[in-house]
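There are 4 protein chains.
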Amino acid sequence: MSMPIPSMPSMPKRDIESKDSQDTVFVSLRQGSRHEATIHDDTFLEAVDHSRLFWSRIRATCRDAFSEFFGTMILILFGDGVVAQVVLSHEEKGNYQSISWGWGLGVMLGVYTSGMSGGHINPAVTFAFCVFRKFPWRKFPIYAISQVLGAMCGAAIVYGNYKSAIDVYEGGKGIRTVPGYSKTASAGIFCTYPAEFMTRTGMFFSEFIASSILMFLIFALKDDGNLGAGPLVPLALFFVIFGIGACFGWETGYAINLARDFGPRLTSYMIGYGREVWTAGNYYFWVPMVAPFFGCTFGGWLYDMFLYTGADSPVNTPWMGLKRLLPYWKQNQVLQSQA
Amino acid sequence: MSMPIPSMPSMPKRDIESKDSQDTVFVSLRQGSRHEATIHDDTFLEAVDHSRLFWSRIRATCRDAFSEFFGTMILILFGDGVVAQVVLSHEEKGNYQSISWGWGLGVMLGVYTSGMSGGHINPAVTFAFCVFRKFPWRKFPIYAISQVLGAMCGAAIVYGNYKSAIDVYEGGKGIRTVPGYSKTASAGIFCTYPAEFMTRTGMFFSEFIASSILMFLIFALKDDGNLGAGPLVPLALFFVIFGIGACFGWETGYAINLARDFGPRLTSYMIGYGREVWTAGNYYFWVPMVAPFFGCTFGGWLYDMFLYTGADSPVNTPWMGLKRLLPYWKQNQVLQSQA
Amino acid sequence: MSMPIPSMPSMPKRDIESKDSQDTVFVSLRQGSRHEATIHDDTFLEAVDHSRLFWSRIRATCRDAFSEFFGTMILILFGDGVVAQVVLSHEEKGNYQSISWGWGLGVMLGVYTSGMSGGHINPAVTFAFCVFRKFPWRKFPIYAISQVLGAMCGAAIVYGNYKSAIDVYEGGKGIRTVPGYSKTASAGIFCTYPAEFMTRTGMFFSEFIASSILMFLIFALKDDGNLGAGPLVPLALFFVIFGIGACFGWETGYAINLARDFGPRLTSYMIGYGREVWTAGNYYFWVPMVAPFFGCTFGGWLYDMFLYTGADSPVNTPWMGLKRLLPYWKQNQVLQSQA
Amino acid sequence: MSMPIPSMPSMPKRDIESKDSQDTVFVSLRQGSRHEATIHDDTFLEAVDHSRLFWSRIRATCRDAFSEFFGTMILILFGDGVVAQVVLSHEEKGNYQSISWGWGLGVMLGVYTSGMSGGHINPAVTFAFCVFRKFPWRKFPIYAISQVLGAMCGAAIVYGNYKSAIDVYEGGKGIRTVPGYSKTASAGIFCTYPAEFMTRTGMFFSEFIASSILMFLIFALKDDGNLGAGPLVPLALFFVIFGIGACFGWETGYAINLARDFGPRLTSYMIGYGREVWTAGNYYFWVPMVAPFFGCTFGGWLYDMFLYTGADSPVNTPWMGLKRLLPYWKQNQVLQSQA
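Protein chains in written order, with the numbering used here: chain A, 51 to 389; chain B, 51 to 389; chain C, 51 to 389; chain D, 51 to 389.
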């Protein structure tokens, strides 16, 4: 057991796990909104060197993973939750506009939750930050996996909460069907299925546009060389997601996020919705997995190409960063020619 | 009578009752939005030593109680008010979405009203602050009682305002019925009654999840080691409550608050809705009293366990604070071994 | 003609009319959001001593009147405008919720417009500031008259805009009818008429409660000894008005404002809606003129009595300010006894 | 190729293209929300003198044009997108209120996008800034052309996205009709067509009023001598546009913007909607091109005349700026008489 150290009022109480904090993308006003604890008897017990606590060390190591996990879980809890309530109550307890609201505030609150890790909650957004904002590539797989797991977990909780209502809606205990195979399908609660009139190209194009707009606006809102939303970024993201839902959400359900779509789809498969979750819409399931990466990359490139002036974008480097694609020895050569 | 003291322009005009102010949980931008009074004749009369005024001393003592009372009253005025308007006008003057709005802004404005005492307006939230943020336990009963009384008072005002409309809706002067016992029941204005298809476990689980999300997000929004909402906390809480209503509000009406549900239920019983307010839904009434405490504790623990790094949480102490459960002499022993 | 003075870049460009600025109630972040002008040829012509300009002097004198006039006009433009659009389009271009939105944002934008004079745009609010916040009584008549004139003007513009649509709605050119006297009455666009089931006491009580809540919350939002909304006050007022409309707006139409109701009523009378605008609802017209003063005074008193600690409130003076009601010589006596 | 310079952590990374930055109208909190890049191997390659990069120089030159182009494109993407979704889904995926939301957030996000150039995204707004805020006249044509091109581009993307849905809605592949000529016309997605009962004067008046309110409120929100919205300006603009849509949007569709209406109209003509896009509503198309200029000028003058005290407005100069209309030699005369 570690030795307890008497508390000193002047010592800073946070920043125990502050390493890597330069990766934080969103920054807030940071006014002292911390609840100042009143001193009582057992305070001294707690003023130990936290960095030696077993769990604190684990948490510091897994901080990004935990943060993205819970951020995406919150996103799915509200997003899938609102679809469940609207669909299962036959639009009595909400309508399409509620769904736009739900996803919008799901993103907003998910970003607040996962602020420590940058509030990505979307693998395609992480990807674009890696490409355009020097976000370390080694973090990409950790982020993506945490996001998918968080989304799966959120979908499972929504399922648990609405199990009886799904039974009533589907017309019998344990019946679980997928849109296109049944009139009372409830699988649309968890992941997206395209409208019937859509062609394959149209589906891809719709997801591509929505993802491009998303990434373009994220870069705009976070650019302090532009107007910049500052501490209002999460609120502005609410409007972005609401807007994408209201303007480009009809045709494919605006997944624009591998984790948001693939995670709950896997959960619904495991729950017992059958292999139709994969085959529906002529194997539509891969579109919302692939299109967001292309869309976010294009949207991010568009912003950097025409509006961004920061030096951290490869667009603002010689040869527009294409040098990076050259082999490593070429770079060494330059270094040596300087020496 | 106390002696009047001539006013001096440079003396600070507030903070007369500033003791205990370290308990304030929410902090705002605090810009000088105070209306600067123009000087006129009787100014000198008012520049007395306020701490000697009889009523100011009483108010300072009861500050927390008054603050939580009025905060919860505002919450119920808007919350019960919007349900009354929607139900009694047969959804002509609002719909389910309005109800989500009403409760959301009720919480937001209630928090603004009760900022002095931390803006809890929910016994389960106070409980979680006691457990996880060193909020003094001795304040818990004062808070809980004030919250219940405020909610009762708010419900009574709503009843007074809509008395004639209830008579029209129920189909006769003085008829007051409870959902499940009548087609035109109006008791649902005041407190929650579960949907018919719900099992007892489902009811509890639904309230538990909604309360967990609430507390998890309150801790997230107020954590300045995370993104933190700062002065936007009340606005973000609007979105939280709106979201819970839109996503998890159908099955049990998202009470997630003992004061919000028990207070108005008591009022409606006293008004004359009969003992059905207790028996309805197979004695459902205790679920929204008990489940929020479990839910908020779990949600708070989840946040502290995986995301919070502040030293004021027992999770970030040796043995995760379980030492606190040991007898007092054990702690003394540690003290003595140090000496 | 005044002599032109060469411009100097370092001279402050504003504050020409800054006298009396201590009356401004709302204060914003005040960051330099002013558009910095590029210098061009005729700049020197403009760097004259502005305080000598004829019109600038008039404007400085009438600042409060102009400010409240335009603030109330904006309120009515949006408020009456949204009712007109919803009613005349037979709820095709909006519904009851839009009306709540419209009045909410009308108040918000009206407050932004009339920030120089404190953003009252309601005689009852001005009254409560006089009673509880030492706002100078001599300003009350100026404020009240400006507010009524602004409301009349706003209503006239809305009428001009929707003249053809009213003709179509009423079923003939020039037909103008009042609710209760015709199925297709359009007078409800301009001012409020009570629901039919209401008693006189109920009407008064409904307006009284809504006004009390309004004033209580205005004082709460502007109290920096409480949480305080700071620069978010106009946004928070949007939620307050939306909430009052959604929760207490059905029975009497939540006038809660003499200027908002009496001004447009006068305009509608002058337009030709007939004397029914006064007789409708058994001479209801005086209720929204009188009740808000009682309501706002009570709501303000409630806040000051139980929550406010600022020395500018009479409640926080000896004898709770009732001394003020004593004759003036009594005060002189106190002064002399001190000397 | 330019010589790579080793990076130095202390050198400022932005402001490469900062010339002309005094034209920026909106200013944000500017807190360091920039993602701090982690250092890795190729950093030194990028720390070159950016002002020598070919593309950065082009972008600096075209900054205003790019900024207004993309700002207006975002506006139209959301604005036309939401109309498309609501109309083509037969109000199943949204209603009139969604349309107000969509345009409101389109403006908000468009302003965030085009903050570098002042966030005008409307030629009439640029015009009013030239007249009343010394915005340089030489920029007016660049702004206006960029705005129209951005709007055309946005409309084309919306068309591409909803092509299949338009085919279904119009009842056949390639059928494209205009309101007034067909029951299932879809041209209203792109630009505005007036309601049938409107007279020509009424149309002009409706657009004139809406534009006046817009400009009056933009000046109010950006006036730090008034309350001023500061960093909340884009959010407040959301409410302004939502309000204009909800209150004055029925009769003519509240174009209030040459670029927003003429750009997409041209696109829809090029797509193949036929010459009816020009002839519809008795050659209505010129009204939303001309009226906004008159409206915005009047609204801006009204604000400056009665409320604005800044020296950059011609209203606050001798002879209310009418001197400016005198020939240039007259000004020279004054200069010489001083010498």
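FYI, nobody ran anything at the bench for these hints, they're computed from the structure.
Errors might be hidden in some of the hints.
No distinction is drawn between identical chains; accordingly, a pair holds when it is met within one copy or between any pair of copies.
As the list claims (entries may be wrong) - Simulated crosslink set (DSSO-like; lysine-lysine; CA at most 30 Å straight-line):
hint: 1; residue 1: 233; residue 2: 223
hint: 2; residue 1: 213; residue 2: 223
hint: 3; residue 1: 233; residue 2: 213
Each hint tested on the structure:
In the homo-oligomer, the alpha carbons of residue 233 and residue 223 lie at most 30 Å apart both inside one protomer (16 Å) and across protomers (28 Å), since each shortest distance falls under that limit. Taking identical chains as interchangeable, the C-alpha atoms of residue 213 and residue 223 lie at most 30 Å apart only when both belong to the same chain, with a minimum of 9 Å there against 41 Å between chains. For a Cα distance limit of 30 Å, the shortest separation of residue 233 from residue 213 qualifies both inside one copy, at 18 Å, and across copies, at 27 Å.
When each numbered hint is compared with the structure, no violation occurs for any of them.
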